[in-house]
Amino acid sequence: MTERRLQEPTVLLLTALADSPKHGYALMQEVEAISAGRVRLRTGTLYGALDRLLQQGLICIDSEEVVDGRMRRTYALSDSGREVLAAEAEQMRATADEARRRLAAGPVRPRPHTQVQAHGNGAGA
Amino acid sequence: MNDTVGTDKRVKSPFAERALKLAFLLYPQSYLDQQGSEIAGTYAARAADTKRTEAMRDAVNLVKHALRVRLRLTSDRYIGAVLATALPYVLGSAAGLSGFMLYLIFKAPMGGHYEDEAIFAPTWRFHPLREVVLNYSPIPVLVTAAAMVLLALASRWTLARCAAAATVIIAAVTILAVFELRRGDHIFVLTTFPGFEMPLMLALFALMFLALPTDARTLAGQRIATIAVALAVVALLQLAWVREGFAWSLITAAPGVVTLLLSLALLAGLRNALVPGAVALACLPWLVQPLTGDLYDYGFDGTQYVLFVALASVLILGAGGVRHRSRHTSPE
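Residue numbers (our numbering), protein chains in the order written: chain A, 38 to 162; chain B, 24 to 355.
These aren't lab readings, by the way, just hints derived from the structure by calculation. It is possible that part of the hints are untrue.
Chain B is faced by these chain A residues, among others (derived, beta-carbon under 7 Å) [to be verified]:
#1 R79
#2 T80
#3 G81
#4 C97
#5 R110
#6 R119
Keep in mind it's a predicted model, so treat the numbers as computed, not measured. Even for Gly, the Cβ is constructed at its ideal location relative to N, Cα and C.
Chain A extracted, bound-state conformation (with noise of 0.2 Å):
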């Protein structure tokens, strides 16, 4: 399979590990923080990913413990996963600086009179 670009929830949850390894429901109030409240994760849907990045390698188990008689895992960011988030980040810092020179250099507003006469003589070939 070709090498493709991450899903935002994935980017997300990648993230929320970057600084420090942490549980399934911080890693949900990380996500929703991180987003301003624009994507809210929920159980099925982060185990759903957990299981997948573990797969992966992207994240790694740090540690188990039993909480109120129930496991608790801690979650970290694995080398390859920082890897994959470092160069993520690095395509969206390349896009959004594309975006803010294009910008920045100003409007170009076609007049669509123009446009058809350009067409018309075959130039917009």
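Given the structure of chain A, go ahead and fit chain B onto it with the hints provided.
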């Protein structure tokens, strides 16, 4: 596992606790042994911080996760991409099927078509409600399936998934009700129309929708695979017409024509909204048929049908051409 859920202090709401227990019934035991305790803890912490409706939505989300774990469906597996690719055709097919079925219900009610009382269960043989159930029981399925399609087209995915879940449940109830009704001396529920096949197909389409990983990507760029997926969906649709005994006729040919249209649309590089549109357009003859003749007669001949399909194809390809030009017009 259930004992752990019940005794935990943090599950404050009995409702949340019940919802979690129900969701956990669907997970494979091996997965629960490994992850169940942790998931229950996270769910309980979340439920304690949110409203009851949010806890319910979280429980529904766990049900979907359980379904994906059972089916081994994740977004990085090929089958996840196949389902994501199939979604527009599934929605289009569900729309066409619902429309055709709704029309049949009101145009050609089936309740009076059965002369042999032996096919009905003894308690229903002369019951005044029998024909009402036979004729109109699929309507709730159609309503939820239509809601699923419309909400998905409006990109209201959470609500569309709720409608898909409702479609599955109501279809199961409908099929059981019709089965009970027709448990007479000769059972041929499988050939009852429209009491069985169409709700079953709609339930199947809704299940495919529910099983779709939320972050799945499509097979965009793999044209052959995409066409194969479209063919598979249309082949599924064909099953709704099993009562015809797989005989080749204009009725059974219709899904084949839909396939052809889909293939053309895909070869022309059309996707997204136009593809379900193509399916709906190709389903039009099925909607027109009851208007023009009785249930078994299209009312127009093969040549007219071919011309109709050709016209539909030209319209679709024309629309694609306009769309392509509008996207690629140079601003200079």
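Hints versus structure:
1. R79: holds, 4 Å
2. T80: holds, 5 Å
3. G81: holds, 3 Å
4. C97: violated, 15 Å
5. R110: holds, 6 Å
6. R119: It is violated, given that the least Cβ distance between R119(A) and chain B is near 19 Å, above 7 Å.
Checked against the numbered hints given earlier, this structure breaks hints 4, 6; the rest are met.
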